[in-house]
Amino acid sequence: MTESLLEIKDILIEADIEGEWKPIVNSLSMTLKRGEVIGLIGESGAGKSTFGLCALGYTKPGCRIVSGSIKLDGQELVGQPEAELRNIRGNKVAYVAQSAAASFNPAHTLLDQFSEAPIQHGKMVASEASVRGREIFAQLDLPEPDTIGERYPHQVSGGQLQRAMTAMALGSNPDIIIFDEPTTALDVTTQIEVLSAIKEAVKSRNVAAIYITHDLAVVAQMADRIMVLRYGDLVEEGDAREMLANPKQEYTQKLLAVRSLRDNKIIDDAQNTILEIHDVTARYPGTNIDVLSNISIKLEKGKTVAVVGESGSGKSTLARVITGLLPPSKGTVSFRGEVLPASLKEKSRDNLRSIQMIYQMADVAMNPRQRIREIIGRPVEFYLGKTGAENEARVLELMKQIEIPENFIDRFPGQLSGGEKQRICIARALAAEPELIICDEVTSALDQLVAEGILDLLQNLQNELNVSYLFITHDLATVKAIADEIVVMYQGKIVEQGPKAQILEPPYEDYTELLLSSVPEMDPDWLDDLVERRKRGEAPTSETLGQR
Amino acid sequence: MKIIEFIKDLNWSARIGLIIILFFAFCAAFAPWVAPYGESQIVGDVWEPIGGEFLFGTDLIGRDMLSRLIFGARNTIVLALITTACSFSLGALMGFLAATMGGWVDQLLSRIVDIIISVPTLIAALIVVSAVGTSFFVLAAVIGIIYAMPVYRIARAVAMDVEVMDYVEAARLRGEGLWWIMKREILPNAMTPLAAEFGLRFCFVFLLISGLSFLGLGLQPPLADWGAMVRSNSEGIAWGFMHPLIPASCIALLTIGINLLVDSLVHKASGLRDDH
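Taken in sequence, the protein lines are chains A and B. Heads up: the first sequence runs through residues 1 to 548, numbered per the working numbering. Heads up: the second sequence runs through residues 1001 to 1276, numbered per the working numbering.
Hints in this document: simulated from the structure, not taken from any laboratory. Accuracy of the hints is not assured; some may be wrong.
To be verified - Below 20 angstroms or equal to it, Euclidean Cα-Cα: the simulated SDA-like pairs (lysine to any residue) are:
#, chain 1, residue 1, chain 2, residue 2
1, A, Lys345, B, Leu1097
2, A, Lys345, B, Trp1104
3, B, Lys1008, A, Glu200
4, A, Lys248, A, Leu216
5, A, Lys480, A, Leu256
6, A, Lys92, A, His154
7, A, Lys400, A, Lys345
8, B, Lys1268, A, Pro61
9, A, Lys345, B, Lys1268
10, B, Lys1183, B, Asp1161
11, A, Lys33, A, Leu256
12, B, Lys1183, A, Arg371
To be verified - Pulled from the structure, derived: some chain A residues nowhere near chain B, Cβ distances all over 12 angstroms:
#, residue
13, Ser4
14, Asn26
15, Ser103
16, Arg134
17, Arg205
18, Ala217
19, Ser296
20, Leu325
21, Gln356
22, Gln360
23, Arg378
24, Glu521
25, Trp526
C-beta: ideal position from N, C-alpha, C; glycine also.
Extracted from the complex, chain A is given alone in its bound form:
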């Protein structure tokens, strides 16, 4: 069918930003045909979610549609009364949100929540809805589809929950589904399962979809057509394959650019070992499961070791052991050749100073009620005893190093962007003049281009200050960009460790291969190929790993 299902014309949406109405979607248009998938891509603040949501005739609180038209199957949505729009939402157009965990009501079972929309819209009665629910659960490859609906949201995994949410969207047979970053919060290995389930479901039903994401490689798998947005404007629009092969705009080219690999440094002999983790086993108090077992890692001065693994692999626990927040039940951590006291309280101030930490979420890693001056200045005062003008001079010097303008010194963290916040966190770590910095997923909450800026900065700082990094991440692209050595962890154990070149080149260990193969590539056929290969048993899957 060539007739367009959804036609958005010159839509202008404004948001209330500190009392002023400012445009956040600038006269954008879109036509969506039946069975077509459009990918909306852009950084945070590009207006992609706002634009995608307007297909529901919906704007977030504090936003308003100023002009333009939204035609769904010939029916105008702009200016429709709420009651009429409610009839459309969840019925003709469905929505799948980024965080399934936050979108499900924890007090109701999955099937109850699945049935709610079809019953509310008068499409089915309860018994029909539950039959249909089981059908769709089965189609989406959820385990035990007949009984999984009786579970509560916390009883299934994140990937399963995201699929259950897709099931909910499919429940009332909508014409259009809007996916808003459905896999962003998931591990790469889980992401694959969700992506292929979504792709299959969309294709087999011939529904149209709007797929919103910041990850170009993901959208390459899903979309027929791609719209690149920036600051509420359209940068480029076109056929997915064509755009990926031949991007016209500079911005799109930048998004597409493959990250540069770091030169392999020559690993010196063991004279310069700064951190040595020896045979560490750890468990949380009150439990009897080892979160870490027999971990041994060596880190040289001025080098970067990347610890890779999916969530639950124990990589963040490792950071807690090194910092002393969780004393190990067995094994030792040595720093500069001396065994560190196991618990935080017994550590000397100099020990604390030499090992600093940068967190994943810069927003919560900084006190929102302190100014930049105090956030960076406190460690300078605390460890180095500098106060007054001397302190301020050092803070300004650090701000210069992280490329933040001097006049930001009296701002609060809330007045900074995500990338700037993470830079301040880096400065706070540097302020202590450490020899080792533990970076816990420092780029995973950031947009691609911003994240690259942060990695560049870390790299430059290492060259300049000869500081070592222990880089904890689930993102293999980051690892390729920054690591000298790689430690792959799975379920609290080290699967493989060694220099980068050795790990990232064949022959692979099974789990490493699973991780590597799960990273989305720009190739639009990548997902289909991979799923095909995994079905034939040529590539490892999570299930085959579990059996071993």
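Got chain A; can you put chain B on it based on the hints?
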């Protein structure tokens, strides 16, 4: 100017509340100059009518009601303020300690608080005050401790939410001491809910003092306070005099004023927008 911005940010009901509070605060601060007569000065006959020679009439022994209301504002509000400040310092300190130290400190403090809170407020106050006496400081201390308990619970809950934040962990990893963590990391982030709670507690304290005075265990005569004025003039009602209603309405008015202001602060602290 921060104060002007603060007032601009308030909605209308909050501004009315603020005006009421400022009005009473003014009376309290400048009582000897504002009041037409002295606090315990007998100026006329008993139960002089309202609106006659004396604006609010005279009380059961012929003292000017208006003057006593003004001096009463001073005693009652100052006492309530000191008491609330005491209960907040104590409650917040204990709550923050429990949240940051956890373990047995938390258990011990929480159980002590549970025990004290299980005795009804007025009865606890009655027992202690009748045993120890009714001086200004005893009242402030007793009510302060009793009302520190609910403050403890709120402070602990708020601090526990803040305590799990990465920036507190970062401060611990830096080696900061307990006091610094409580003062610089937790307190600023707990300030808004605590400030809103302060207004609310102030009302409760105020009502409790008035209640105690009404029962004869508050401030002792001839010191004027509103609760005692209601009590001592209460028999006037039987004779058709409206006099006890005047201090009673002052209590009501101030309580309403504080609640109007606090409501808007709580609303703001919760981050809700007006259009919701």
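Evaluated hints:
1. A/Lys345 / B/Leu1097: Given pair A/Lys345, B/Leu1097 holds - Cα atoms ~17 angstroms apart, limit 20 angstroms.
2. A/Lys345 / B/Trp1104: With a Cα-Cα distance of about 17 angstroms, the restraint between A/Lys345 and B/Trp1104 holds, given a limit of 20 angstroms.
3. B/Lys1008 / A/Glu200: 56 angstroms, violated
4. A/Lys248 / A/Leu216: 15 angstroms, holds
5. A/Lys480 / A/Leu256: Holds, because 16 angstroms separates the two Cα atoms, which is no more than 20 angstroms.
6. A/Lys92 / A/His154: Roughly 29 angstroms between the alpha carbons, so the hint for A/Lys92 and A/His154 is violated.
7. A/Lys400 / A/Lys345: 34 angstroms, violated
8. B/Lys1268 / A/Pro61: With Cα atoms ~17 angstroms apart, B/Lys1268 and A/Pro61 stay inside 20 angstroms; holds.
9. A/Lys345 / B/Lys1268: 39 angstroms, violated
10. B/Lys1183 / B/Asp1161: 15 angstroms, holds
11. A/Lys33 / A/Leu256: 26 angstroms, violated
12. B/Lys1183 / A/Arg371: 15 angstroms, holds
13. Ser4: Holds, because the least Cβ-Cβ distance between A/Ser4 and chain B comes to about 34 angstroms, which exceeds 12 angstroms.
14. Asn26: Since the minimum Cβ distance to chain B is about 24 angstroms, A/Asn26 lies beyond 12 angstroms and the statement holds.
15. Ser103: Correct as stated: the minimum Cβ-Cβ distance to chain B is 19 angstroms, above 12 angstroms.
16. Arg134: Holds, because the least Cβ-Cβ distance between A/Arg134 and chain B comes to about 38 angstroms, which exceeds 12 angstroms.
17. Arg205: 36 angstroms, holds
18. Ala217: Non-interface label stands for A/Ala217: nearest chain B Cβ at 29 angstroms, farther than 12 angstroms.
19. Ser296: 23 angstroms, holds
20. Leu325: 7 angstroms, violated
21. Gln356: Per Cβ check, A/Gln356 is inside 12 angstroms of chain B; nearest 8 angstroms; violated.
22. Gln360: 8 angstroms, violated
23. Arg378: 7 angstroms, violated
24. Glu521: Nearest chain B Cβ is 33 angstroms from A/Glu521, so the label holds.
25. Trp526: At roughly 35 angstroms from the nearest Cβ of chain B, A/Trp526 sits farther out than 12 angstroms, so the non-interface label holds.
Comparing the model with each numbered hint stated earlier shows that hints 3, 6, 7, 9, 11, 20, 21, 22 and 23 do not hold.
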